Amino acid sequence: MSRFGEVADQYDPHALEESVFEHWDEVDAYEQTKAHRADGERFFFVDGPPYTSGAAHMGTTWNKTLKDVYLRFLRMQGYDVTDRPGYDMHGLPIETRVEEQLGFENKKDIEAYGEDAFIEACKEYADEQLEGLQSDFQDFGVWMDWEDPYKTVSPEYMEAAWWGFSQAADRDLVEKGHRSISQCPRCETAIANNEVEYDDVEDPSIYVKFDVTDREGDTPADASRDGKLVVWTTTPWTIPANTFVAVDEEGDYVGVRAEKDGDEELLYVAEPKVEAVLSAGRYDDYEVVEELTGADLLGWAYEHPMAENVPAHPDHEGACEVYAADYVDTHGDGTGLVHSAPGHGEEDFDRGTELDFPIFCPVGGDGVYTEEGGKYEGQFVRDANEDIIADLKANGSLLASETISHSYGHCWRCDTGIIQIVTEQWFITITDVKDELLDNIEDSEWHPEWARDNRFRDFVEEAPDWNVSRQRYWGIPLPVWTPEGVENDDGTSGENGNGVAAEDMIVVGTREELAERVDQDVDPQSVDLHKDTVDELTITEDGTTYTRVPDVFDVWFDSSVASLGTIGYPSSEDDFDELWPADLIMEAHDQTRGWFWSQLGMGTTALGEIPYKEVLMHGFAQMPDGRAMSKSKDILVDPHEAIDKHGRDVMRMFLLSNNPQGDDMRFSWDGMETMERHLRTLWNVFRFPLPYMRLDGFEPGVATPSQRDGGGETAGVTLDDVDEDLELVDEWVLARLQSTKAEMAAHFDDYRQDRALDALIEFVVEDVSRFYVQAVRERMWEEADSASKSAAYATIYHVLREIVVLLAPYAPFVTEELYGTLTGDDGFDTVHMEDWPTPDERWADEELETDVALLRAIEEAGANARQQAGRKLRWPVPRVVVAANDERLATAVERHEGLLADRLNAREIEVLGADERWGELEYSAEADMSLLGPAFGDQAGQVMNALNEASIEEPDLDALEATVSDALDEEIDLDEEMVSFVTQTPDDVAGSTITIEGDEHGVAYVDASLTADIESEGYAREVIRRVQEMRKDADLDVEQRIALELDVDDDRVADLVDERMDLVREEVRADEVRTVSDGHRETWDVEGVSMELAIEPLATAEASD
RNA sequence: GGGCCAAUAGCUCAAUUAGGUUGAGCGCCACUCUGAUAAGGUGGAGGCUCUCGGUUCAAAUCCGAGUUGGCCCA
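Each residue of the first sequence is one higher than the one before, counting from 1 in UniProt numbering.
No lab work stands behind these hints, which were simulated from the structure alone. There's no promise every hint is true.
Said to hold, decoys possible - No more than 25 Å apart at the CA atoms, straight line, and that leaves these computed lysine-lysine pairs for BS3-like:
#	residue 1	residue 2
1	LYS107	LYS176
2	LYS434	LYS613
3	LYS1032	LYS872
4	LYS176	LYS434
5	LYS393	LYS375
6	LYS645	LYS633
7	LYS393	LYS260
8	LYS123	LYS107
9	LYS123	LYS631
10	LYS613	LYS631
Claimed, not checked - Distance windows between CB atoms, simulated:
#	residue 1	residue 2	range
11	ASP664	GLU503	42 to 50 Å
12	SER980	ALA901	27 to 35 Å
13	GLY114	GLU503	41 to 49 Å
14	ASN945	ASP664	27 to 35 Å
15	LEU298	GLU503	29 to 37 Å
16	GLU961	ALA914	38 to 46 Å
Bear in mind the structure is a predicted one, so any value in this text is a computation, not a measurement. The C-beta atom is built at its ideal place from N, Cα and C for all residues, glycine as well.
All chains, full assembly: derive it from the sequences and hints.
See the structure below:
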């Protein structure tokens, strides 16, 4: 790319981005950038692997873009950054997709199809999806190592999971056991709690009466009891497994004699629920006959309501009695007496285990009653509800049967209603290391901090043992082999002839170990660890044969070892010692319960450490109206649509302008447009000096050795070379650049790239475009070479160079184009190899920044006052009076009077110091509420209003007190510190306060009185402006000489213009003033005066150029 | 049902470890300027700072309860 080459007139993201992609390809930009930092300090970033089903959505895009901006930033700071992307490719979601594609209904179809073929199909599907994601991420301009992503399905990665699990097993933290789990009866597997989605459904809502009965050993008092315990459930199908009734020991209960159709019953319910229960049962009347506490009910025995239909029902010692449990709420749903079935519900199970009850669960993994289900054997549980309700009614146990709409858990993949059943699963018993987990949390820093200290800590404190097993196919097989022949005759665990017990399992940690121990020949290099392969392998040791348990890992377990998988541990150990744990991870807030947690669990159980140091937790992408995006409901903004409309840089900048710390991001097309406008402004700023530099053959020098790729002296013009010639604005814009860099660095330190971007945009738009470029235009138009022009070139070049580098992580495409044009062959092949610019003390100048900030505030106030006075900027005013509140402002005006007069188009600038006054003014006052408040208490508001409304001739405290006292009809004592006087503007002068971010620094008064001389210049400028516009309309070249005809329809004005005719001729390049017969002609209305103008290009003048 | 977070102009967000007359950008309307700019400038309209209580002379800010939204959990 040649330096200062022609660039497009307008910022065109699409064409530009295409060509930048090509450029990156040509020069191997990514590879070069990585190689450039190969010797830098290493930084270990770990990519949280997206799941490979479906395309990249706005949330994924935000996530990867955030990662990209930080990775680029870190590289520019000199780090050698790991950037291996990852993909989560196992698990139920892919299985169900593939099942759909193949038209399968359930697991039997998979078995018939063949496990190996099914696994192969899943792999193909995952690979396909991965390609789609890869190309999306690359298309967004994300630079990661796309050639070598880590995949959770590769043998190396699966080995990491095996290794981690075996480490946990070595620490005795792996356990096989019964647990109540959420089971999807269609997928026939346990699913994780966070995979359960809750939807509102209509379910039965039944009240059931349990007959209180005598039981052997009851005290005489109890033995005489009759009556019924009333329980409530929405899952009638769990009634066969009822084992006990739970009450709140502290709760209030009552016995109620209730009457219905002439029959009486004694019912026991919680006191607060009497009304609800009896009205549900449609009783005619009732009477409370007994008041008890939960404790009184303990030990009461009752008849199992399904004893006849379910002969296998629990009837062991202690079954069908009342127990206390802390999950009972006498004010909640139900009756305050909770039907408890440890074979189903999680809390019931825990309490049942505590009570040492055998677990009775008559339902299989497919949701169908087993033989133990008695009459209901073979029925699907939900289908059995109806029969069960009918049977309860038939035996007189049903008090009421209604339906209820409530939220109920469903399988996240296939939307089947889940069931709670107790099955045998594999656990990592993280509850044994809870303290260690909580300690390890402290070793990580989170942004924002509350995510760790509130959310994450709460979750970890509550977390139960980690169920890692799934009864499926597409996953990492559990590396567990269990001994054969260890079951006793009755099915319980025992020992085999070699003294090997059921607990004596073998957990294999690596492929090498697998090859060594299994009976079959296995090549550790090439072995695929999927289920179809390892299921066949057996281990025989000391006469006992071990076979693999058929389960696979829950997919959440896969990604938990990402920090190991990223660096190929354990098969390669090199990087582990140097890098682990990760320096930084960043994901959305749903991962608190997901990846942030699973990694902590894995790291702690396997290695005793948390596997990451810093966490940046961002939010979700929402719709412009604040709704959650949802692909299934077609509520989304597709990133590709955003790119089609505004381009990649704009989308990235929009995403990155959002706070990444926990807050959700609301997508906004307006926001996108704003970003595009900012980039257009940058483009125009960049484009503006190019023609002049080109024309003058300006050769820039570059400031630092690193920018010269470590090279030595430069031939071009550097800032050093023009140091003597720099003008005020040059020094100012350089000073602003330094403070912008400092501000950005501070924001990046806080992981607030959004604020860093704001600071940069503010600098580009507000300072460079609106002020600096405006101020240097005339210097660049000068035809002759001048020191001033060189200084301006060198300055704007330097500023642009650094802006481009600072913006590069955000907008990698447009900055590449700008960089190439600015550097030509003198730069790197890509801007992304540049070092991150740091503030240069030499150009820092706070005083100057303040001066200019004040001047700009005066200019703004002056423009405001002019408008009030009805005087346009092109009409000069005789005088502007700046009344300064503080010496700082007065100093600034004195230092830069000429500049100010120029920008305000004032003949004269007058400064009044803080202690001077202008006699014509009147005064009122403003209050300092921090002083007025304590002094006047609840009267402070009134005093403030009186101060504001006062009008006095002198800014004098006594006069003010008098006026205020008068207004409030009460003696008011004021303090000088309490008030600041403000002026009231006289008629012939317009004034406006000089304000910077709310602070008032003084007032600018514009004296707008007219003189003949001012009118003369004013009208002349009006004419000039019109002629310039006509030149533009006629598409005349800037240098084109013209003839001008001027007819003013007002003699006085015509004379006034005539006085300044030399000025007019010079400004509009009119060599001749005469009648024009064949040219552009237009009639204008100027301040109510009609004037007819005509112009005609002169052919002869062109030759003189 | 529980936990965490958020709520300020039509939209996006500020309001500086500390309570003191609520601000910016974008959008809208009017005026204005313009030889880099699909730009720029000035003004205007637009706010019971989600609601209700409490603390205080004074609350967007502190406390409590609620509403709505998001995430997580049941």
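Results for each hint:
no., hint, verdict
1, LYS107 / LYS176, "holds, 23 Å"
2, LYS434 / LYS613, "holds, 19 Å"
3, LYS1032 / LYS872, "holds, 22 Å"
4, LYS176 / LYS434, "holds, 19 Å"
5, LYS393 / LYS375, "holds, 16 Å"
6, LYS645 / LYS633, "holds, 23 Å"
7, LYS393 / LYS260, "holds, 16 Å"
8, LYS123 / LYS107, "holds, 18 Å"
9, LYS123 / LYS631, "holds, 23 Å"
10, LYS613 / LYS631, "violated, 33 Å"
11, ASP664 / GLU503: 42 to 50 Å, "holds, 47 Å"
12, SER980 / ALA901: 27 to 35 Å, "holds, 28 Å"
13, GLY114 / GLU503: 41 to 49 Å, "violated, 33 Å"
14, ASN945 / ASP664: 27 to 35 Å, "violated, 42 Å"
15, LEU298 / GLU503: 29 to 37 Å, "holds, 36 Å"
16, GLU961 / ALA914: 38 to 46 Å, "violated, 22 Å"
Of the numbered hints listed earlier, those contradicted by the structure are 10, 13, 14 and 16.
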